[in-house]
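Undergrad: The primary structure of each chain is shown beneath.
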Amino acid sequence: MAYLPNEVPGPRPTVDDKVFWDYCQQRELRFQRCTACQRFRHPPAPVCPQCRSFESQWVRAPETGVVFSFTIVHHPAHPAVAAVTPYNIVIVDFPECDHARLVSNLTDATPEEVRIGMPVALIWETAGNGMIVPRFKHMKTERGNSE
Amino acid sequence: MADATRQACIVGVGETRYTRWGQQGERGEWSLACEAVLNAVTDAGLEIEQIDGLASFSDDTNVPWLMQHALGLPRLGFASMVWGGGGSGACGAVAHAAAAVESGQAEFVAVFRSLCQRPGHRYGQAGGFGGLPHLNFVAPFGMFSPPLMIAPLVQRYIHEFNAKPEHFGEVSLVCRDNAQRNPRAVMRGRPLTMEDYLNSRIIASPLRLFDCCQENDGACALIVTTLERARDLRKKPVRILAAAQGGNPGWGDGALGSHNMPIEEYGAGNGKALAARLFERAGVTPADVDTVQIYDHFTGLVLMTLENFAFCGRGEAGPFVAAGNIRWPDGRLPLNTSGGHLSEAYIHGLNLAVEGVRQLRGESTSQVKDAEICLVTAGASASPFSAAILGV
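Protein chains in written order, with the working numbering: chain A, 1 to 147; chain B, 148 to 539.
Source of the hints: derived by calculation from the structure; they are not laboratory data. One or more hints might be untrue.
Cβ-to-Cβ under 8 angstroms is the rule here; a few derived chain B residues that face chain A [as the list claims (entries may be wrong)]: (1) N283; (2) V285; (3) P299; (4) S347; (5) P433.
From the derived model, a few chain B residues whose C-beta atoms are all more than 12 angstroms from chain A [to be verified]: (6) A151; (7) E194; (8) W212; (9) G274; (10) V301; (11) E313; (12) R381; (13) D437; (14) N472; (15) E510; (16) Q514; (17) E519.
None of these values were measured; they are calculated from a predicted model. Beta carbons are placed, not taken as given, at the ideal position from N, Cα and C, and that holds for glycine.
Okay, chain A solo, but in the shape it has when bound:
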């Protein structure tokens, strides 16, 4: 069962972000990188903000990231999550990809366990509309603690 209920809206790809989601459907996390200056950018954009090249490639991201920030949501702003509060939202940073960040969730952490700086590992879940989306698991050390 996915971390959030099926009624939560899944991604509906647009002409601008379709490639990102296409790779996700193959369970591959790839970020867009400028072919000319090698700078990563996210969310996807037609032009490199650093060198203005229109040429880009999609580069496989590491399977691990770091929690840069987070929130524990107590107030259900959408009826779909009323039964699952409190739930977490994490901002996962990929330092190796020029700090590209994903908004996502930790599927196996209690609210008390979520910490800035904790390492997390990529997993894949299926949203209610059938789209495969990136989520993360808490990387436990031998002592069973994060960090």
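Chain A is already provided as a structure; the job is to place chain B on it using the hints.
TA: Frame of chain A, contents of chain B only:
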């Protein structure tokens, strides 16, 4: 400016009744917008037929042809809307109005904003806040509404600067206290203690209920013209020393988007570049500012904005507010003297500009003695946002 008589100034302000969300929905935003404009025209001592320009922001549905139709404007010649969602554009609309009168595009521009929040269109609920540009990267992960989007910025700010709940609470208490003197304030008659604040429920950690602005129904408006035309009108003109849009590079849609703003600024909010340009244009410094009306959608953004506009150093806003600096009447920098969005009403930043005008006229219900310079900022979580420095 070459010709001082063409300096843009605000000569009229007006508003409707402000209420909790849902209480004026049956009347509708169009009707409220018209009432606010008419009240501002009366305040200025003008006739509605003299209004030849309209300016608004945030995907306003009260489009110029509806306003022209309802108000019977015989010579509408300027209409402008600032791009963007939310209240980021409030002072941008003032800037457009100022540019219009200073360039001769229009003589009297009405800047207005009207809001009726209703089921399906409440800003605190999923879907209520339209036009979010990168929803695919946030909504599937349960990030549906502005409090959830801003909470991680505040979490990061706390992580970096060890800010305390009481620091955020002070902003909330100051606004609530000011509201007790303001008959227009929705939270008048409902004082708040620090204990109440600390005990209020968590919406999305670290944001408590009283860190979040209200959801309201109401409208307000202000009238912009040149100093030369202002001389014959009823009220003391309030000069727009500077009004500008701006945003730091790389902020894009910032917290309302995918959270990929520059990593070193993530917990700082967006505003340093705009602040520097605004002070330079106005020819004043932070030390010259007597009172501030800071966009308080969330208390954490108020602290970040105080830092970005250089009223204190980076990470120092918590101790700055805890020392009493933003309290009326004795603080160095009384803040949100009408009660702000937290306690007067959430009219997307434009009611903060209205209060700035009242301060400089000497008409505020929490009047700052001899106030001559007021900073007004719009919603600082996207780019560009906007701000204005008013003076008399």
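Undergrad: Run every hint past the structure and note whether it holds.
TA: Structure-based check of each hint:
Contact between N283/B and chain A, as hinted, is supported at the beta carbon level, the nearest pair being about 4 angstroms apart and thus within 8 angstroms. Annotation: interface hint on V285/B holds; nearest CB of chain A at approximately 5 angstroms, less than 8 angstroms. The interface hint given for P299/B holds, since its Cβ lies 4 angstroms from the closest Cβ of chain A, which is under the 8 angstroms cut-off. Checking S347/B against chain A by beta carbon gives a least distance of about 11 angstroms; that is not within 8 angstroms, so the hint is violated.
Of the supplied interface hints, the one on P433/B is violated, with its beta-carbon coming no nearer than about 28 angstroms to a beta-carbon of chain A, more than 8 angstroms. With a least beta-carbon separation of about 40 angstroms from chain A, A151/B lies farther than 12 angstroms from that chain, consistent with its non-interface assignment. With 12 angstroms as the threshold on Cβ separation, the claim that E194/B sits away from chain A holds: the shortest Cβ distance comes to roughly 45 angstroms. The Cβ of W212/B lies farther than 12 angstroms from every Cβ of chain A, with a closest approach of about 30 angstroms, so its non-interface assignment holds.
Against chain A, the non-interface label of G274/B is violated: not every CB pair exceeds 12 angstroms, the least being about 8 angstroms. Chain A draws V301/B into its interface by the beta-carbon criterion, the shortest separation being 9 angstroms against a cut-off of 12 angstroms. Residue placement check: E313/B keeps its beta carbon more than 12 angstroms from all beta carbons of chain A (closest about 20 angstroms). Listed as a non-interface residue, R381/B keeps its Cβ farther than 12 angstroms from every Cβ of chain A; the least gap is roughly 45 angstroms.
Distance to chain A confirms D437/B as a non-interface residue, since its nearest Cβ pair spans about 35 angstroms, more than 12 angstroms. With a least beta-carbon separation of about 27 angstroms from chain A, N472/B lies farther than 12 angstroms from that chain, consistent with its non-interface assignment. In this structure E510/B is separated from chain A by more than 12 angstroms, as the shortest Cβ-Cβ distance comes to about 37 angstroms. With a cut of 12 angstroms on Cβ distances, Q514/B stays outside the contact zone with chain A, its closest approach being about 36 angstroms.
A cut-off of 12 angstroms between C-beta atoms confirms that E519/B is not in contact with chain A; the least separation is 40 angstroms.
Going through the hint list in order, the structure does not satisfy hints 4, 5, 9 and 10.
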